[in-house]
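*Asks:* Protein chains in written order, with the working numbering: chain F, 191 to 551; chain C, 191 to 551; chain X, 191 to 551; chain H, 191 to 551.
These are calculated hints, taken from the structure and not from any lab test.
These figures come from a predicted structure and were not determined experimentally.
Note that CB positions come from ideal geometry on N, CA and C, so glycine has one too.
Check each hint, because a few of them may be wrong.
[What the hints assert, rightly or not] Stretch-level coverage of chain C by chain X, calculated; a stretch enters the list once three of its residues show a Cβ under 8 angstroms from a Cβ in chain X:
1. 429-437
2. 446-454
[Claimed, not checked] EDC-like cross-link-like pairs, simulated, lysine to aspartate or glutamate; straight-line CA separation at most 16 angstroms:
3. F:Lys386 x C:Glu360
4. H:Lys386 x X:Glu237
5. X:Lys256 x X:Glu237
6. C:Lys210 x C:Glu243
[As the list claims (entries may be wrong)] Calculated from the model, a selection of chain F residues having no Cβ within reach of chain C, i.e. all distances over 12 angstroms:
7. Asp212
8. Glu346
9. Glu366
Number of protein chains: 4
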Amino acid sequence: MLVVMQAHASEEQVRAVCEKIDAAGLRAHPIPGAERTAIGITGNRGEVEIGLEEMPGVAEVIRVTKPYKLVSRDVKQENTVVHFPGSPASIGGPELAIIAGPCAVESREQTFAIAERVHRAGAQFFRGGAYKPRTSPYSFQGLGEEGLRILAEVRERWGMRVVTEAIDNESLELVEEYADVIQIGARNMQNFSLLKRAGRAKKPVLLKRGMAATLEEFLMAAEYVMCEGNYNVILCERGVRTFADHTRNTLDLSVVPAVHRLSHLPIVVDPSHGTGKRNKVTPLSRAAVAVGCDGLIVEVHNDPDRALSDGMQSLYPEQFDELMSEVRQIAAVVRRELPYQLAQNRRVLGTPDAPATAAAR
Amino acid sequence: MLVVMQAHASEEQVRAVCEKIDAAGLRAHPIPGAERTAIGITGNRGEVEIGLEEMPGVAEVIRVTKPYKLVSRDVKQENTVVHFPGSPASIGGPELAIIAGPCAVESREQTFAIAERVHRAGAQFFRGGAYKPRTSPYSFQGLGEEGLRILAEVRERWGMRVVTEAIDNESLELVEEYADVIQIGARNMQNFSLLKRAGRAKKPVLLKRGMAATLEEFLMAAEYVMCEGNYNVILCERGVRTFADHTRNTLDLSVVPAVHRLSHLPIVVDPSHGTGKRNKVTPLSRAAVAVGCDGLIVEVHNDPDRALSDGMQSLYPEQFDELMSEVRQIAAVVRRELPYQLAQNRRVLGTPDAPATAAAR
Amino acid sequence: MLVVMQAHASEEQVRAVCEKIDAAGLRAHPIPGAERTAIGITGNRGEVEIGLEEMPGVAEVIRVTKPYKLVSRDVKQENTVVHFPGSPASIGGPELAIIAGPCAVESREQTFAIAERVHRAGAQFFRGGAYKPRTSPYSFQGLGEEGLRILAEVRERWGMRVVTEAIDNESLELVEEYADVIQIGARNMQNFSLLKRAGRAKKPVLLKRGMAATLEEFLMAAEYVMCEGNYNVILCERGVRTFADHTRNTLDLSVVPAVHRLSHLPIVVDPSHGTGKRNKVTPLSRAAVAVGCDGLIVEVHNDPDRALSDGMQSLYPEQFDELMSEVRQIAAVVRRELPYQLAQNRRVLGTPDAPATAAAR
Amino acid sequence: MLVVMQAHASEEQVRAVCEKIDAAGLRAHPIPGAERTAIGITGNRGEVEIGLEEMPGVAEVIRVTKPYKLVSRDVKQENTVVHFPGSPASIGGPELAIIAGPCAVESREQTFAIAERVHRAGAQFFRGGAYKPRTSPYSFQGLGEEGLRILAEVRERWGMRVVTEAIDNESLELVEEYADVIQIGARNMQNFSLLKRAGRAKKPVLLKRGMAATLEEFLMAAEYVMCEGNYNVILCERGVRTFADHTRNTLDLSVVPAVHRLSHLPIVVDPSHGTGKRNKVTPLSRAAVAVGCDGLIVEVHNDPDRALSDGMQSLYPEQFDELMSEVRQIAAVVRRELPYQLAQNRRVLGTPDAPATAAAR
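Using the sequences plus the hints, can you model the full thing?
*Replies:* Given below as structure tokens:
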């Protein structure tokens with residue numbers, strides 16, 4: 191159910207409707223829009239018969255027939271733009287979000303070397319796993335909190351916002367504390383307990399599509415996060431599993447316009463996991479931007495051959511520079527912007543090691 | 191790495207080897223066999239060079255080249271048979287394990303009505319979800335601990351061992367307390383935190399194959415549980431996701447002989463989720479037993495049309511009787527047994543409501 | 191559209207209805223049943239308004255809403271049983287059809303050696319490719335007409351009916367001449383020209399499911415054959431393509447009861463292509479019979495390691511003996527029969543090389 | 191095997207090598223390159239030991255280890271560019287090939303109306319099926335030769351080269367006569383008889399990827415055409431079949447750079463079949479060009495709602511104008527050109543109906 195308020199409805203009227211919904215044992219989700227506020231109702235089974243239509247300020251009460259409600263464009267017309275306090279970076283707005291960094295945080299030295307390069311190339315976000323979900327229990331599982339501390343230093347030094355994965359409630363608590371975006375990985379897309387916990391977090395959530403998830407399941411997973419009250423969800427296509435064996439996964443770019451049609455949430459694309467092959471990352475990044483995605487999440491490593499995980503799909507820093515330059519041109523065609531690339535002028539200025547936060551924009 | 195002890199090695203010798211392994215910062219997994227004990231080593235990277243070959247009682251030290259170690263038949267020749275204290279029921283032995291019950295525990299009344307019927311038909315295990323991972327946050331999520339209490343009553347009254355799903359660490363703790371087998375669902379097959387927690391539990395784990403999991407990933411998930419010390423893992427094929435749309439999932443029966451070839455662990459088949467259609471459950475149950483599975487997990491409901499979840503794939507109790515009778519005959523051909531069916535003689539004796547635990551075998 | 195005749199309708203009345211249909215530019219397909227005749231109408235778009243209801247002997251005219259008509263059980267209640275003139279063998283009746291032989295006819299010697307063994311084990315049908323659709327143009331493409339001649343000799347000598355693949359109109363013409371069943375391979379399941387040509391042939395057609403064919407597409411391919419007038423179609427499940435990599439294809443046994451529910455056509459299972467691995471063929475054969483299939487098509491080779499194609503999935507003759515013995519017991523449970531196995535008594539009689547045609551049953 | 195000639199080798203030397211190969215019962219495929227000629231050898235099993243190394247003009251004889259030979263970039267470094275006599279259009283060169291038109295040729299009127307529009311928008315190629323492979327035998331199967339005649343008129347009038355599908359040897363003969371490119375559809379990708387026949391045709395072949403074809407199978411299908419002597423093969427990605435249900439097929443854009451890496455053949459993308467939804471065609475067209483494809487094949491219909499096939503995925507002519515304008519900008523970024531769009535200036539000139547062949551470039 192969705193309550194659409196009149197254009198001139200007052201804040202008090204909105205609050206009164208929310209209170210009535212809550213009093214009925216349901217949950218109200220006020221969603222302010224450019225013209226008027228809508229209030230999503232969750233927790234009900236079937237129709238809600240508590241006389242909301244008659245309340246002051248209410249324009250109409252409509253039934254949402256799709257299984258997902260809060261993620262639906264029916265409920266919120268305007269695109270969701272995720273903002274970050276103290277940073278000009280955003281996800282879902284006119285600027286493409288570029289999230290780059292190593293698969294895993296391996297050491298302070300490695301992480302800084304990569305951060306320096308991706309920041310110079312124009313990335314506003316830094317990625318790197320401190321908790322790694324690995325197929326084998328005997329593979330490197332990440333540095334844990336030590337890794338998070340390194341990531342926080344990266345933010346401190348270069349001003350990039352930090353995206354990193356949480357794999358359970360314990361790690362989520364720490365990720366929420368140290369990072370700027372809480373990533374939920376493909377293997378946990380239907381770990382509903384974790385989704386609910388992420389829904390109670392105060393930081394935005396980047397939700398990766400499961401390997402065999404339909405679009406509806408993907409949106410329903412986002413709904414799990416949103417119905418707990420966290421409306422800052424960023425979807426991420428990272429390839430699905432098919433019979434095709436020339437890439438590690440099959441990147442399903444058609445899901446980008448499909449998400450934009452059904453939902454107001456932003457969607458970014460991960461061409462690194464989506465292909466699993468270094469030489470496919472840049473062409474598929476161009477394609478992802480051309481199809482209309484809201485950003486890219488790309489693995490970059492300063493020494494991919496010795497990476498502790500996913501080296502095969504990590505770009506060399508030079509390749510990432512190249513990717514950024516190609517993507518920038520495609521972005522212009524689809525009327526998206528990319529932040530200013532620091533590479534050239536910084537080299538000219540000869541200050542490669544100075545803290546860049548202030549100068550970054 | 192695997193240390194194979196001599197046939198006549200003493201317990202002390204085994205203990206000494208384990209201590210040396212642990213002292214080296216690794217983990218020893220002693221695996222007693224019919225003829226001699228083997229000791230799996232985990233926690234190492236590459237070769238282990240601590241002079242184990244020279245220790246008394248050691249026959250040889252061999253390198254395990256497969257990515258999975260403890261689940262591998264290389265490490266343990268004999269089939270793993272999971273036993274249940276105080277019950278003649280087992281999984282992996284000559285007797286087929288029949289696990290039956292509703293998708294979800296909905297009420298004491300519904301649960302008892304179904305338990306009565308499946309017990310009569312010969313099921314040694316009762317299934318029923320107290321915690322339900324649902325695609326939608328607005329669907330029935332299970333009764334929680336109340337459901338677990340009802341399941342414990344079922345065990346009390348009919349002597350069936352209880353199998354139920356845990357969806358996170360909190361529910362796992364309770365499931366471990368109330369139930370006999372901890373089920374990890376398909377969506378959590380690569381929830382590695384949950385697998386590790388299950389590996390520290392004192393109860394056997396039934397691990398369902400993920401919707402898009404390869405055989406290797408499936409076995410590696412079991413390895414996660416085992417390498418924490420819980421060797422009682424039961425695998426479960428429940429259908430994989432493909433393009434085919436005449437069933438909800440595509441039941442991959444070839445995985446049964448494939449698992450038996452590579453691993454000593456038992457594997458049961460879930461024809462209910464594997465097909466998603468009531469009329470396919472019995473034929474695929476026959477096929478699963480014929481292919482050589484160690485048991486079946488089947489959804490039965492006394493009123494499927496009003497079930498709160500998965501009604502479409504739940505059998506009527508009469509259909510389950512029929513299934514048991516057909517499966518019993520197939521089992522005989524593949525040299526497996528099924529427990530004695532109580533239905534007929536109980537009807538004759540006219541005591542349909544008497545507690546059956548004592549008389550069950 | 192389907193015209194259902196009255197139970198006592200005369201042959202003349204049936205003929206009159208067919209003539210009226212043909213005269214309207216449509217096509218009549220009379221389908222005699224146990225109780226009464228039905229007449230399928232194809233070639234129409236939408237309703238057929240030519241006054242058929244009023245004709246003598248007509249009980250009712252009903253609209254078939256499924257996209258397939260002639261394959262549908264709505265049109266013909268009784269199972270289709272394919273018979274072979276001069277042979278007691280059949281497909282779709284109470285006896286399971288066992289079709290065995292090499293992937294390809296390589297030589298007279300190899301073919302005879304295998305024929306001798308599979309005949310002794312009880313196969314009523316012999317398979318072997320004279321025209322091989324190979325992924326590579328540089329692989330062995332079959333002996334062509336020479337291969338067909340060898341197959342005809344096999345029929346002559348052992349009385350087995352011959353099943354072999356046609357890959358185009360030219361080969362189909364020859365296969366129709368020499369063989370007893372025209373096989374259409376998985377890669378040609380939607381080669382509609384070939385299907386139409388097979389529909390005009392005078393021999394039964396064994397139609398294999400395409401690697402990515404839905405059930406509806408599979409049935410529609412059979413409809414292509416039937417609507418040209420050839421009603422003797424045998425369907426064949428041979429595995430579909432999925433992400434799973436422990437077998438060459440994923441054998442979808444659920445399609446057997448699904449076909450039986452929707453169609454009157456028989457369906458056999460190919461566990462050789464369905465798994466691609468010798469050690470999986472026998473377990474999956476047991477499963478296929480248990481699920482209710484109408485027969486098996488199995489690759490057997492006297493020297494699989496030197497086979498010119500598909501050696502990895504071909505059984506040794508001894509393994510086929512074992513398969514037959516296991517399958518015979520499962521068949522009994524599902525109330526199907528298998529022909530008498532000649533092996534034992536022939537050994538006793540000491541006449542392993544004598545022509546067996548006469549004695550075969 | 192591949193014979194690499196010296197840079198200065200004479201035509202006679204090349205001919206002598208070819209003759210020696212042919213005389214040995216094998217087949218020589220001379221492949222002239224920018225710097226020197228290579229000669230592919232097919233028909234051999236294993237090494238070819240006929241003393242080619244010693245012949246005048248031969249630089250070296252190398253073994254091709256990939257299963258495909260003639261399609262391989264190992265054999266031919268330079269991109270294959272397919273040219274059309276009497277037309278500036280090409281496929282595989284710097285200019286993107288735009289192939290547009292209706293799914294099926296339904297009538298002269300419909301076809302001309304669409305041709306007028308796509309020509310104006312800049313398409314150099316016209317598509318339209320005269321022979322339609324349809325899932326149902328009762329669906330519209332195409333106008334046959336009448337359709338081909340209409341297509342030939344389109345070429346006559348607007349100068350666009352014609353691409354149309356052949357479904358068997360008979361239709362291929364006619365398509366070869368009337369059209370400029372012989373399309374082999376996805377369902378026939380492994381119809382090896384048809385591929386061989388296409389390999390003997392004098393016109394280029396556009397080969398669509400099968401619904402479940404791996405990259406290797408796709409390239410091997412092209413090899414079938416090439417090894418018969420037709421080296422003008424254009425590959426086409428048109429989506430593969432997966433579990434995903436938000437589009438009709440899953441468009442696998444990663445296959446474009448994968449083909450370019452392994453093969454010298456051009457590859458175009460079909461976003462119409464690749465998505466099955468009108469609103470996805472333009473975004474995926476942008477993505478296809480961005481990923482680096484050599485052209486697009488797009489369905490356009492003047493009245494999609496009444497189209498006899500595939501109306502749901504056909505663009506309105508206005509949408510195709512828009513697509514061309516967006517694709518033109520992306521093309522510039524990846525350094526590809528698009529032909530001059532006639533739309534604007536023609537409107538200005540007020541001559542929408544005049545034959546455009548002469549003015550087209």
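*Asks:* Quick check: the segment 446-454 of chain C, covered by chain X? Criterion 3+ residues, Cβ under 8 angstroms.
*Replies:* holds (count 4)
*Asks:* Regarding the assertion that aspartate 212 (chain F) does not contact chain C, is the least Cβ-Cβ distance greater than 12 angstroms?
*Replies:* It holds; aspartate 212 (chain F) is separated from chain C by about 17 angstroms at its closest Cβ, greater than 12 angstroms.
*Asks:* Using Cβ atoms and 12 angstroms as the threshold, tell me whether glutamate 346 (chain F) really stays out of contact range of chain C.
*Replies:* 29 angstroms, holds
*Asks:* Please verify that the nearest CB of chain C lies beyond 12 angstroms from glutamate 366 (chain F)'s CB.
*Replies:* Check passes; 16 angstroms lies beyond 12 angstroms.
*Asks:* Take a quick look at whether lysine 386 (chain H) and glutamate 237 (chain X) sit within 16 angstroms of each other, Cα to Cα.
*Replies:* 42 angstroms, violated
*Asks:* The segment 429-437 of chain C covered by chain X? Criterion: 3 or more residues, Cβ-Cβ distance below 8 angstroms.
*Replies:* holds (count 7)
*Asks:* Please work out if lysine 386 (chain F) and glutamate 360 (chain C) have their alpha carbons no farther apart than 16 angstroms.
*Replies:* 14 angstroms, holds
*Asks:* Given the hint that lysine 210 (chain C) pairs with glutamate 243 (chain C), test it: the Cα-Cα distance must not exceed 16 angstroms.
*Replies:* Given that 16 angstroms is the threshold and the Cα spacing comes to 12 angstroms, the pair holds.
*Asks:* For the pair supplied as a hint, lysine 256 (chain X) and glutamate 237 (chain X), confirm whether the alpha-carbon distance does not exceed 16 angstroms.
*Replies:* 14 angstroms, holds
Violated hint for the displayed structure: number 4, the only one.
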